[in-house]
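Construct all of the structure, not just a fragment, from the sequences and the given hints.
Protein chains: 2
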Amino acid sequence: MADTTKPDVLARGHTVRAYDQELAELTTLICRMGGLAEQQVAGAVDSLLRRDVGIAATVIQRDDEVDALEERVDQHVIRLLALRQPMAVDLRIIAMALKISNDLERTSDYAVSIAKRAQRLAEQPELRPIASIPRMASACVAMIKDVLDAYVDRDADKAMAVWNRDHEVDELYDSLFRELITYMLEDPRTISRCIDLLFIAKNLERIGDHATNVAEKIHYMIHGSQINRPRHEVG
Amino acid sequence: MADTTKPDVLARGHTVRAYDQELAELTTLICRMGGLAEQQVAGAVDSLLRRDVGIAATVIQRDDEVDALEERVDQHVIRLLALRQPMAVDLRIIAMALKISNDLERTSDYAVSIAKRAQRLAEQPELRPIASIPRMASACVAMIKDVLDAYVDRDADKAMAVWNRDHEVDELYDSLFRELITYMLEDPRTISRCIDLLFIAKNLERIGDHATNVAEKIHYMIHGSQINRPRHEVG
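Residue numbers (my numbering), protein chains in the order written: chain A, 5 to 239; chain R, 5 to 239.
In short, the hints are calculated from the structure, not lab data. Be aware that one or more of the hints could be misleading.
Stated by the list, open to error - Think about it this way: if two alpha-carbon atoms lie no more than 20 Å apart in a straight line, the pair counts; the simulated EDC-like pairs of lysine to aspartate or glutamate are: (1) R/K206 - A/D174; (2) A/K206 - A/D157; (3) A/K149 - A/E172; (4) A/K206 - R/D174; (5) R/K206 - R/D94; (6) A/K206 - R/D178; (7) R/K206 - A/D178; (8) A/K206 - R/D200; (9) R/K206 - A/D200.
Unchecked claim - Pulled a few chain R residues facing chain A out of the computed Cβ check, cut under 7 Å: (10) G17; (11) I82; (12) L95; (13) N106; (14) I185; (15) I195; (16) S196.
Glycine included, C-beta positions come from ideal geometry on N, C-alpha and C.
Printed below as a string of structure tokens:
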């Protein structure tokens, strides 16, 4: 009798392993999406600072890859839910992947928006250097990177640390805003370029928002409860 | 024997009814969220046009209700997935609720952003009337309303019609953008007010984007496949 149960145990072991692999694959997909979104943001700001329309074109083109990854995440989630009937923390991990993929897809959309403005700005005379833009960009890229680490490590504290850093980006935005208004008043010929930069800064601010959104979802994934609000706001 | 199976059949009937009720409750929650998001957008633009800081304050305050509804949707989805193990179209309806609630929550965030700028603008001299803003707002409110109808009716064609209307809002934005740049050049004292209006218009454009996002999710919910891209982009 003992022998005949063996294949059954093995089969169950096999199912569990397959399930673990599918969960691991979901994590991998989110990480690939996140890594790509991070590159998109870095590339977009790089194209702006170097006035390089080629880099900008690459960012615009690669957005399709991010969209395709979102679709793969969604399909994978639906399949896991249908076949595996996950419970508790696994269920939350799988369900939250749908929301996290949304945030990462939007992050890449914002990078595309920055890249398009960078292309337009590259064709016009250069404004004096705007130090806050690369500082905002570095802060945003670091937030995306850290929130992905928190995701992989299933580390709610690390996610909270990202969530608490959103104000850095907001403060940089506010100081940049004042600076750009001053330029426009001093020289109205710079108005349309300054507006492009304002929108770029606003896009970076929103990229920071999305990183904090992901942090909130990681917290929920792990603890099954929301981070205490008040939440960040959009401007 | 026939009699003893009766309670079982009844019990199963009861379970099915309970499940249908839970699905209906999910639809109701999404509709309440959507209806509130629609009111938030209408209220925010109303506060701008009437220069009424009280209406703006109400919009800002009600954002918490929208956030709370998103949490309720998410909790309800997790519960449904855990207890009911839905399949096929039901599974997609339940899973997509997580994404749709995200879009509706962002819509309300944008309304709050408009309301805050409306409060600031109400304290400053009035610019000449900007006809495109109420037109953009009407178009956005109609898109939210129609996409919610498509959601309730599970009508992919209706959702597609909303998706195809996004360009109306984009075109209104483009013409408004040119108009505001002209004002700023003519009279640099209007710069900061015009920038508030530019961001308000951009927020409306994004609200339109989110309505088209919801339309995409309805399409996926019903057909299990994506709408053919190219997708809208963020600016």
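(request) Please verify that hint: R/L95, Cβ, nearest Cβ of chain A, below 7 Å or not. (result) Result: holds, 6 Å to nearest chain A Cβ.
(request) Assess, step by step, whether the Cα of A/K206 is no farther than 20 Å from the Cα of A/D157, and give holds or violated. (result) Judged against 20 Å, a Cα distance of about 30 Å means the pair is violated.
(message) Run the distance test for A/K149 versus A/E172: straight-line Cα separation, threshold 20 Å.
(response) This hinted pair holds, its Cα atoms lying about 16 Å apart.
(message) Just to be careful: measuring from the Cβ of R/G17 to every Cβ in chain A, is the smallest value less than 7 Å?
(response) Result: violated, 23 Å to nearest chain A Cβ.
(request) Below or equal to 20 Å on CA atoms is what counts here, so check R/K206 against A/D200. (result) Satisfied, since the Cα-Cα distance of roughly 13 Å is no more than 20 Å.
(request) Verify the interface restraint on R/I82: the C-beta must sit less than 7 Å from at least one C-beta of chain A. (result) OK, holds: R/I82 within 7 Å of chain A, min 6 Å.
(message) So if I understand the rule, the pair passes when the alpha-carbon distance is 20 Å or less; does R/K206 with R/D94 pass?
(response) Outside the cut-off at roughly 35 Å; violated.
(request) With a cut-off of 20 Å on the C-alpha distance, tell me whether R/K206 and A/D174 pass. (result) holds, 18 Å
(request) Closer than 7 Å between Cβ atoms is the bar; does R/I185 clear it against chain A? Give me holds or violated. (result) Constraint on R/I185 satisfied, holds at 6 Å.
(message) Take the shortest C-beta to C-beta distance between R/N106 and chain A; is it under 7 Å?
(response) holds, 5 Å
(message) The hint names R/I195 as touching chain A; please verify it with the least Cβ-Cβ distance against 7 Å.
(response) holds, 5 Å
(message) Hint check: A/K206 vs R/D174, CA-CA at most 20 Å. Holds or violated?
(response) holds, 18 Å
Of the numbered hints listed earlier, those contradicted by the structure are 2, 5, 10.
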